[in-house]
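*Asks:* The listed protein sequences correspond, in order, to chains A and B. Residues in the first sequence are numbered from 0 upward in steps of one, following numbering that gives the first Met the number 0. Residues in the second sequence are numbered from 0 upward in steps of one, following numbering that gives the first Met the number 0.
These are calculated hints, taken from the structure and not from any lab test. Don't take every hint at face value.
As the list claims (entries may be wrong) - Label pairs and their calculated CB-CB ranges: (1) B:Thr40 <-> A:Ala168: 56 to 62 Å; (2) A:Thr208 <-> B:Gln102: 33 to 39 Å; (3) A:Asp26 <-> B:Gly136: 50 to 56 Å.
All values derive from a computational prediction rather than experimental measurement. Virtual Cβ for every residue (Gly too), placed ideally from N, Cα, C.
Protein chains: 2
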Amino acid sequence: MSVQQREIGRKTLLEEIRKSARIPRIDLSEKTGISRATVTTITADLLREGLIEEVSDDSPSKDARRGRPRVDLQIRGAARLIAGAKISSKAVSLVLLDFSGHQLADLEVEIEKPVFDSEELAEVLKAACDQLARDAGFKLLDLSGLGVGIAGIVDAPRGFVHWSPSLNARNVELSEDLGVRLGVPVYVDNDANLVALAEKYFGLGRGHTDFIVVTIESGVGMGIVIGDELYRGTRGCGAEFGHTKVHLEGAMCRCGQRGCLEAYVADYALLREATFAGGESVEQDVEDLLTAARDGAGVARSIVERAGRMFAMGLANIVNIFDPELIILSGEQMRFDHLYAEEVIEAMRRSIVQVDKAPPEVKIHKWGDQMWAMGAAAYALDMIAEQAAIGADTDAA
Amino acid sequence: MSVQQREIGRKTLLEEIRKSARIPRIDLSEKTGISRATVTTITADLLREGLIEEVSDDSPSKDARRGRPRVDLQIRGAARLIAGAKISSKAVSLVLLDFSGHQLADLEVEIEKPVFDSEELAEVLKAACDQLARDAGFKLLDLSGLGVGIAGIVDAPRGFVHWSPSLNARNVELSEDLGVRLGVPVYVDNDANLVALAEKYFGLGRGHTDFIVVTIESGVGMGIVIGDELYRGTRGCGAEFGHTKVHLEGAMCRCGQRGCLEAYVADYALLREATFAGGESVEQDVEDLLTAARDGAGVARSIVERAGRMFAMGLANIVNIFDPELIILSGEQMRFDHLYAEEVIEAMRRSIVQVDKAPPEVKIHKWGDQMWAMGAAAYALDMIAEQAAIGADTDAA
Chain A
0 MSVQQREIGR KTLLEEIRKS ARIPRIDLSE KTGISRATVT TITADLLREG LIEEVSDDSP
60 SKDARRGRPR VDLQIRGAAR LIAGAKISSK AVSLVLLDFS GHQLADLEVE IEKPVFDSEE
120 LAEVLKAACD QLARDAGFKL LDLSGLGVGI AGIVDAPRGF VHWSPSLNAR NVELSEDLGV
180 RLGVPVYVDN DANLVALAEK YFGLGRGHTD FIVVTIESGV GMGIVIGDEL YRGTRGCGAE
240 FGHTKVHLEG AMCRCGQRGC LEAYVADYAL LREATFAGGE SVEQDVEDLL TAARDGAGVA
300 RSIVERAGRM FAMGLANIVN IFDPELIILS GEQMRFDHLY AEEVIEAMRR SIVQVDKAPP
360 EVKIHKWGDQ MWAMGAAAYA LDMIAEQAAI GADTDAA
Chain B
0 MSVQQREIGR KTLLEEIRKS ARIPRIDLSE KTGISRATVT TITADLLREG LIEEVSDDSP
60 SKDARRGRPR VDLQIRGAAR LIAGAKISSK AVSLVLLDFS GHQLADLEVE IEKPVFDSEE
120 LAEVLKAACD QLARDAGFKL LDLSGLGVGI AGIVDAPRGF VHWSPSLNAR NVELSEDLGV
180 RLGVPVYVDN DANLVALAEK YFGLGRGHTD FIVVTIESGV GMGIVIGDEL YRGTRGCGAE
240 FGHTKVHLEG AMCRCGQRGC LEAYVADYAL LREATFAGGE SVEQDVEDLL TAARDGAGVA
300 RSIVERAGRM FAMGLANIVN IFDPELIILS GEQMRFDHLY AEEVIEAMRR SIVQVDKAPP
360 EVKIHKWGDQ MWAMGAAAYA LDMIAEQAAI GADTDAA
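Construct the entire structure; sequences and hints are all you get.
*Replies:* Structural data, given as C-alpha cells:
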C-alpha cells in the first residue's frame with residue numbers, strides 16, 4: 000500500500016465504523032470495496048492506536064450457532080474527549096462527548112454581557128470547559144477539541160468570523176484565537192449549521208441524507224445537509240437565510256440593508272411596527288404583542304400575520320431551490336408558534352412550484368441551547384475523527 | 000477482488016481517465032488510491048473492451064531519455080457515439096460527440112409549432128438524429144444515447160417531465176417515451192441544468208468545481224454545480240429560479256402564482272406593464288420597448304429598470320445561499336443587455352451580505368442553442384460512461 004492508499008483506507012474505514020454502531024470486518028470490506036486483507040491490516044492499526052475496539056456479539060446469530068461468536072468493531076469511546084459550546088446572548092451552553100458520541104456531561108453558564116472580544120470569550124469558554132471536564136472526572140487539557148457555535152457569518156473551514164452579533168470586532172480568527180488561549184484545538188461554525196449537524200446525528204435528520212434546517216431565535220438561520228454532508232456554500236459561508244431579500248427596497252434591517260426576511264420577522268421588526276401603529280393600543284413587548292395577535296386584536300394580528308406570510312415566502316424560495324423532502328423548523332421557544340403555524344406552512348406549500356408530487360415534509364422541533372451545543376460537539380468530533388484517521392493528532396485521552 | 004470492488008474500481012478509473020486528457024497507469028494509482036496491480040487488471044479489461052486506448056508520449060520526458068517511452072491511457076473516441084438536443088420554441092439544435100467528447104457534427108432543425116405531445120417530439124428528434132448521424136457517416140442506431148434539454152420542471156434521474164412549455168401534457172415519462180420510439184437510450188434534463196454542464200465541460204466553468212449558471216431566454220433558469228457535480232436539488236427537480244418569489248402577493252405570473260421573478264423580468268411581464276401605462280406612448284414590442292428605455296423614455300425606462308432591480312435582488316438571494324466564487328450569466332441574445340448591465344450586477348453586490356471578501360465574480364456568456372445542445376450531449380455522455388464502466392451497456396459503436 001502506498002501512503003495515499005493507506006490514508007484513504009483509514010479515513011474510509013474509520014468513517015464506516017463511526018456510521019455503523021458496530022460492524023464486522025467482512026461487512027467493512029463489502030461496504031467500502033476495500034479488500035479483506037487491507038481491512039485486516041488497517042483495523043489492526045486502529046485497534047493498536049485505541050481508536051476502535053472489538054466487541055463480541057452475544058446474540059444467537061448464525062455464526063454463534065456454529066460455535067464461532069461474531070466479533071464486531073466499534074469506536075472506542077475513551078479514545079477522545081470532545082466538548083461543544085453554543086454561545087447565545089445570555090449564556091454559554093456546553094456538552095461533553097466521548098469519541099463514540101455519548102454524552103458525559105453538560106453545563107450552562109450565564110454570561111454577563113452579550114458582546115465580547117475574543118480574549119474575553121476565551122476566558123469564559125476556558126472556565127466553562129474546565130468546569131465541564133471536571134464534572135466528568137477529567138481536566139481541560141484532556142479535551143481533544145472544542146466545537147463552538149456562534150451566530151453570524153462564519154467561514155468554518157478557516158475558523159474565521161466575518162461578523163457575529165456576539166463579537167465586538169469584524170474579521171476575527173476565532174478558532175485560532177480561542178485555540179491558543181485554551182490550549183485545545185477549537186472548531187468554530189455558524190450556529191445554525193451546527194443545529195443541522197445536531198439534527199443529523201441526534202435529531203429529526205437521522206436516517207435522512209438531505210434536508211434543510213431553519214432555526215428561529217431572535218434571528219432566522221439555515222443549515223443545509225446535502226448528500227449526508229453539511230453544505231456551507233462554495234466558499235464556506237453561504238446558507239444565509241435571514242438576510243435574503245423578500246421585498247425590493249423594503250423595510251430597513253439591522254444589517255443596514257433593506258427588505259431582508261429578518262426585517263419582517265425578527266422581534267425588533269415586530270415591535271417597530273407596533274410602536275408606530277397609530278390609533279390603537281398596541282403592546283410594547285413581543286410576548287404581549289403575540290398574545291394580542293392570538294386574541295384577535297387588529298393591529299397586532301396584522302403585524303404577526305405579515306411576518307408569517309413573509310416567512311412562508313422565504314421558505315418557499317428555499318424549497319424551489321433545494322427541492323428537499325424534509326424541512327426541519329428548529330427553534331427553542333414555544334413563543335415562535337406564529338411562524339410554525341399551519342397557515343404559514345400551507346402558504347409555503349401554495350407558493351412553491353406546483354407539481355404532482357408530495358410537497359416537502361415539514362417537521363417542527365422545539366429544543367433548547369443544549370442541543371445546539373450537541374451540534375457544536377458533533378462538528379468537533381467529525382474534525383477530530385478525520386485528524387485521527389490520518390494520524391495527524393497525537394493527543395489520546 | 001469482489002464484484003463490488005471491481006465495479007467501484009472500474010467507475011473510479013474510467014472517471015479519472017475521462018477527467019485527464021491522458022494519464023499513465025502509475026498516476027491513476029496515485030490519484031485514486033487503487034493499487035497498481037488492480038489498476039493494471041482493470042485497465043486491461045477497459046482496453047480489451049475498447050473503451051480506452053494506449054497512446055505513447057513522444058515528448059522528451061525523463062522516461063523517454065532513459066529510453067523508455069511513457070505510455071499513457073486515454074478515452075477511445077470511437078467507443079461510443081452520443082447526440083445532444085436542445086428543444087426551443089422555434090428549433091431543435093443538435094450536436095454529435097464521440098466518447099472523448101469531440102464534436103463530429105451539428106445540425107439545426109426548425110420546428111413547425113412550439114408545443115408537442117411526446118410522440119410528435121419523438122418523430123422530430125428521430126428524423127433530426129438520423130440526419131445528424133448520417134452527416135458524420137453513421138446511422139441512427141449507432142448512437143449509444145441522446146441527451147435532451149427541455150425547459151420546465153424535470154426530474155432528470157427518472158427522465159420524468161412534471162411540466163414543460165414544450166409539451167402539451169403534464170407528467171410525461173419523456174426519457175422512456177422517446178427512448179422506445181427512437182430505439183436509443185434518451186436522457187432528459189432541464190435545459191438550464193444542461194447549460195451548466197456545457198459551461199463545466201466546454202465553457203467558462205472549466206477549472207471550476209463550484210459555480211452557478213443563470214440562463215436568460217424568454218424565462219429565467221438556473222443550473223448549480225457543487226463539488227464538480229450538477230446539483231439538481233435533493234429530489235431531482237430543484238434549482239428553480241424563475242419562479243422564486245421576489246414580491247409577496249406581487250405581479251401575476253404565467254404559472255398562476257404571484258410575485259415570481261419571471262412575472263417582473265420576462266418579455267410578457269415587460270409588455271404587460273407597457274400596455275397599460277397611461278398617458279405616454281409606449282411600444283408594444285419588447286425590442287422597441289428596450290430601445291425606448293435605452294433612449295431614455297420615462298415609462299419604458301421605468302419598466303426595464305425595475306426588471307433589472309428585481310433580477311439583481313433574486314441573484315443576491317442566490318449568492319447569499321450558495322456563496323459562489325463564480326456566477327455565469329448565460330444567454331443567447333444581446334437583447335438581454337439590460338439584465339447583464341453593470342448597474343444590475345452592482346445592485347446585486349450591494350444586496351448580498353457584506354463581508355470583507357471579494358464578491359462573486361460575474362461572467363457573462365452569450366452563446367447560441369448549439370451550446371445548450373452540447374450540454375445535453377455531455378449529460379448523455381456522463382450517463383453512458385457510467386453504464387460502460389459497470390458493463391451495463393452492450394452497444395459499442
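*Asks:* State for each hint whether it applies.
*Replies:* Evaluation of the provided hints:
Here the CB-CB span from B:Thr40 to A:Ala168 is close to 58 Å, well matched to the stated 56 to 62 Å. A hinted range of 33 to 39 Å holds for the C-beta pair A:Thr208 and B:Gln102, which are about 37 Å apart. Look at A:Asp26 against B:Gly136: about 51 Å separates their beta carbons, and that is inside 50 to 56 Å.
Checked against the numbered hints above, the structure breaks none of them.
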